[in-house]
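Student: Between the sequences and the hints, there should be enough to build the whole structure, so can you do that?
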Amino acid sequence: MMARVGRREEILAIACRLFSQKGYHGTTIRDISEACGILSGSLYAHINTKEDLLFEITDRGAEAFLGSLEPIVKSGKIASQKLREAVKAHMHVIEANLEAATVFFHEWKALTGDRYEQIRKKRDSYERLWAAILEEGIKSGEFKQLDEKLARLLVLSVANWTYQWYRPGGKLKADEVADRFVEMILIGFQA
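This note's numbering puts the first residue of the sequence shown at 13, with every later residue one more than the last.
These aren't lab readings, by the way, just hints derived from the structure by calculation.
Backbone N, C-alpha and C define an ideal beta-carbon position, used for all residues, glycine too.
Don't take each hint at face value.
Said to hold, decoys possible - Listed next, with one range per pair, are the computed distances between beta-carbon atoms:
| no. | residue 1 | residue 2 | range |
| --- | --- | --- | --- |
| 1 | R19 | D191 | 37 to 43 Å |
| 2 | G18 | K161 | 41 to 47 Å |
| 3 | G53 | G182 | 38 to 44 Å |
| 4 | D64 | A143 | 29 to 35 Å |
| 5 | R19 | A108 | 18 to 24 Å |
| 6 | Q33 | Q157 | 32 to 38 Å |
| 7 | E46 | K183 | 33 to 39 Å |
| 8 | E21 | Y128 | 32 to 38 Å |
| 9 | R20 | F117 | 20 to 26 Å |
| 10 | D159 | L51 | 52 to 58 Å |
| 11 | D136 | T61 | 22 to 28 Å |
Tutor: Written out as structure tokens, the structure is:
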């Protein structure tokens, strides 16, 4: 059984790489099986459908983002500190899972039915956590009276787009990028 679990993880990693490079719709089962070094028919011993792979990759991504942010939001820290830690946590998830983050941000809408709804709900929950930080800062007077939705979209747009250009092992560490982003954002947010 252990070999099967290891093989499934290998298949997931290969599918993730291919989806991040070619997109979900641009990747075929044949592409995945060839990259795994097995016949297409043999791939079905490990998965039922290509969408199974996409769902597992995006669900793991959603859980990583949620799991990194929930303890920050629940902490007793002030809103600006939560914002700083939240951006760092977001950057760490991207840094540790660059290909999976690419798939998560770009390909989740290819999911269908209940799977689409499950990921959409997790994305909505993640956005609500960001909203809670911003609302807390506004209510406490730490942040000026902001349009919370636009502020949330600004922060998430900046943070989400980093997968496009950020490279682990590059000149700047994830924490340094996050600190610089937050410093610029707080200039506009602080009361």
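Student: Next, verify each hint and record whether it holds.
Tutor: Hints versus structure:
1. Roughly 40 Å separates the CB atoms of R19 and D191, a value that falls within the hinted 37 to 43 Å.
2. The supplied range of 41 to 47 Å is met by G18 and K161, whose beta-carbon atoms lie about 44 Å from each other.
3. Between G53 and G182 the Cβ separation comes to about 41 Å, which falls inside the hinted range of 38 to 44 Å.
4. Taking 29 to 35 Å as the suggested C-beta distance range, the pair D64 and A143 conforms, at roughly 32 Å.
5. Roughly 23 Å separates the CB atoms of R19 and A108, a value that falls within the hinted 18 to 24 Å.
6. Against the hinted window of 32 to 38 Å, the Cβ-Cβ separation of Q33 and Q157 comes to about 44 Å, which falls outside the hint.
7. Separation of E46 from K183 is about 36 Å and conforms to the stated range, judged on CB atoms against 33 to 39 Å.
8. For the pair E21 and Y128, the beta carbons lie near 24 Å from each other, so the given range of 32 to 38 Å is not met.
9. As the Cβ distance of R20 to F117 is approximately 24 Å, the hint placing it in 20 to 26 Å holds.
10. Between D159 and L51 the C-beta distance comes to about 55 Å, which sits within the given range of 52 to 58 Å.
11. Take D136 and T61: their Cβ atoms lie about 25 Å apart, and the range 22 to 28 Å holds.
Comparing the model with each earlier hint shows violations of hints 6 and 8; every other hint is respected.
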